[in-house]
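Engineer: Sequence:
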Amino acid sequence: MIFKIKKIILLLFCLFFSIYKGKANKKVDKSRKVLVVQMAKLGDMVCTTPMFRAVKGKYPDCEVIVVGNKINKDILEGNSDVNKYIVFNNFLRVVKEVKKENVDFACVTAPDFVSLAILYLANVKTIVVPFIENGYSPYEVWEYKILRKLVITMSHKMGSYAPREYLKLLEPIDIFVTDTKKYLYFSDEANKKVNNYFGNNNINKNDLVIGISPSAGNKIKKWGADKFAELADYIYKKYDAKIIVIGGKRDEVEVKEMISFLSKDTQIFNTLDAFNIDELKVLISKMNIFISVDTGPIYIAEAFGVATIDITGPIDEREQPPISDIHRVVCIDNREKPELYVMNARAYDKKEALRQTNEISVSMVIKEFDNLFRFLVSKK
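For the sequence shown, the working numbering begins at 1 and goes up steadily by one.
Simulated from the structure, these hints should not be mistaken for laboratory data.
Every value quoted in this text rests on a predicted model; they were computed, and no experiment measured them.
Be aware that one or more of the hints could be misleading.
Unchecked claim - Cβ pair distances, simulated, as ranges:
(1) 189 x 91: 33 to 41 Å
(2) 102 x 305: 35 to 43 Å
(3) 376 x 188: 24 to 32 Å
(4) 363 x 249: 29 to 37 Å
(5) 348 x 131: 40 to 48 Å
(6) 263 x 349: 21 to 29 Å
Claimed, not checked - Straight line, CA to CA, 25 Å or less: simulated BS3-like cross-link-like pairs of lysine-lysine:
(7) 73 x 219
(8) 337 x 351
(9) 168 x 26
(10) 6 x 27
(11) 149 x 27
(12) 23 x 7
(13) 84 x 222
(14) 125 x 84
(15) 21 x 125
(16) 192 x 205
(17) 351 x 227
(18) 286 x 149
The C-beta atom is built at its ideal place from N, Cα and C for all residues, glycine as well.
Based on the provided sequences and hints, a complete structural model is requested.
Structural biologist: Here it is as structure tokens:
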């Protein structure tokens, strides 16, 4: 209730400010500073990197500024397409910092009233935000719908590939591109640490290196630890693979549970909380195949050209999971529609979402793994 009251007060303040500012829909002749707000999770930020490359491709001398959370600052570290990153941790501080930058053009990748208010109060000249088509998004709150009347809006079509939809936000500054290649980088120091880890554990370039993440940021997408263990047992026994299990502090329960279900003959490398984000990027980049539910690390794999198997469960596999010959998705056939979307991971049927995850069998994932492995071998 308190948060709702604060949002109403914030909206009223923005509307009062509009008497003096007017609309933030000015024509930008030349973009000197472009700001992108991406407040979602790690995977979403990776899927936003094509926007940064598109801006630099059109305006090489333009300064690109990103606003997001702390972990996404780490994921973008080393990206030469990003000149500055502002961590969102205090509303007024971010307003002041954005205002100080004198930004020409800014966009928000998802419906977010608070982010839009920040840009408007920071006196950004031109602001672009999405309006949702082909579905319902709980993020389009009424305060957002009112405030967006003061800015430029571009459609975001649910059920379509989200990274391509993000790029449409740049069209008001004459950027019309469709390339959705993702871009991530890592430091030499991180590369050295992972190389030492591989050397100390006798993992070499001729090995089949398989990565598995048994956890998920959104627990509704979590596949069973026993299933991941059975999958690892199969891959180890049939392919004699070097299997690396990854996870951070928050994933301790899932990682330990998976390991407890493993056959006594299966050997894995447990890297739970062993690497920071920079080092995790290196680690994943050195794998041959990465397997997980639809969660952040699978997008790191995509960015580095690593083959993936995405156990998509209740999410719409058309919207964001990696797409190409080396990327496979696993979902059930007997569903009327996915329960989770990029623009709606909040309002869904929990029972049905769990069913869409739980009914994915180990044999379904094994089938995709075998097919993917044969494909990769055929391309060597």
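Engineer: Going back to the hint list, which numbers does this structure go against?
Structural biologist: 5, 6, 10, 13, 18
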